[in-house]
Every structure is written in structure tokens, then in C-alpha cells.
Amino acid sequence: NSKEAAEALDWYLDLFRKHKVCPPSVPTDGWRGIVEGFGRGVTNAYIHNSGSSEEQKDFVKPENFATVPLPLGPAKKRVSFYFSETLTAFKGGKNREGAWKFMSWLMEPEPHFMYSKTLGLLPARKTVADRPEFTKDPALAGFVKSFPFSIVSPYLAHAGWGGKLDSEGVPLFQQALVGKLGSREFLEKFADMLTKNMG
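Okay, so the sequence shown: first residue is 1 according to the numbering used here, each after it adds one.
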């Protein structure tokens, strides 16, 4: 919640509040509204993960959009998170051996390729990720080019953040968008929410 963070957030919020570069419904749009707004041409850009690229191929066709890495900020830095679509075997699972066999099979090259390609994910296995279906796809190019400055998502270290970001973080951000919270106040409340849920 530094002065620089508040200034950066004000700049970002002003894209909506002052410059009107987004539809007026943005503060209350759900995920479907955002994705479909892009597909209908209401919104011309949004930030998300590679999964929505596959969906946009159906909406607007692959030749009509591309992905790019996030731009450098004023501090000449940028960061991108990558998430893990985890395959999980639960400690108390009834068929842990079967779960392990399934996960092992799914990580073999061809099943892993099909799983990743179908869901619009970038494969965890480098030998699969290096295939032209991923490296030459303009809809995935921005994600592939982001690897050098990407970090593992904090969700993996702080699992409690996921639900709290949706249930508390999004409403806080919506309040900032419509001017009910100032940038500094938003950042303080957001940091407090994250700190309380680090366990």
C-alpha cells in the first residue's frame, strides 16, 4: 500500500473511471460477461489465462485475435503468474493407487498433450510444451513469451487466498472502481485480507 502502488492503482482505475475504455457494466460483470463481451466486440482486450484463448477461438476465430505478454510498467518491471491445474490424490482417498496410476498415465506425452490442448493449458512437460501446436499458436504466443518473467502463483503457497480473492477481494475492487474506496484504502483492506488468509 505504498505511494507508488496507490498511484499505479489510480492510473489503472482511471482507465475505467475517467477514460471510459471499458463498458460501463465492468464493475458488476461476471466472468461470462467479460468473455462474451470480447467475443461480441464490446470489449477489445482483457487479461486472463490461456484457457480463455481456446474459448475465444470459437467466439472470434483464431485469425482475429492474439495474446501478448503484459507490458513493462514505469519501474521497467512486469510479472505474470502461472497456475497449476493440479492432479491431486487425497490422503484419505479410497483408491489412492488407482488415482496415482491415472495421474501417471495423464502425464505421459500424448494424454498430457490432449489434456492441455483441449483445455487451453500450457503443458507442464517441456517436451510437450515445445510442440508446434503450442509454440506456433498465436493465441498462446503471449503466454509462451511470458515464461521468462513468470512466477508461480501465490495461490499454491497460500491456498486460502483463492476463495477470499473472489468473496472479499473482488467486491473491494468493485468498490474502488466505482469510487466508494480510494486506492490507498483499497490496498490496505486488500493487504489485510491477504495477510489474514496466508495459512
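Hints are supplied without guarantee of correctness; some may be wrong.
Quick list of in silico lysine to any residue cross-link-like pairs, SDA-like style, CA-CA up to 20 Å [claimed, not checked]: (1) K196 - E168; (2) K3 - L72; (3) K61 - H48; (4) K101 - Y82; (5) K180 - K77; (6) K164 - K145; (7) K117 - G51; (8) K94 - W105; (9) K18 - Y46; (10) K126 - F113; (11) K18 - G39; (12) K77 - P138.
What the hints contain is simulated information worked out from the structure, not anything from laboratory work.
Determine which of the earlier numbered hints do not hold for this structure and return their numbers in increasing order. Hints 4, 5, 6, 11 and 12 contradicted; others consistent.
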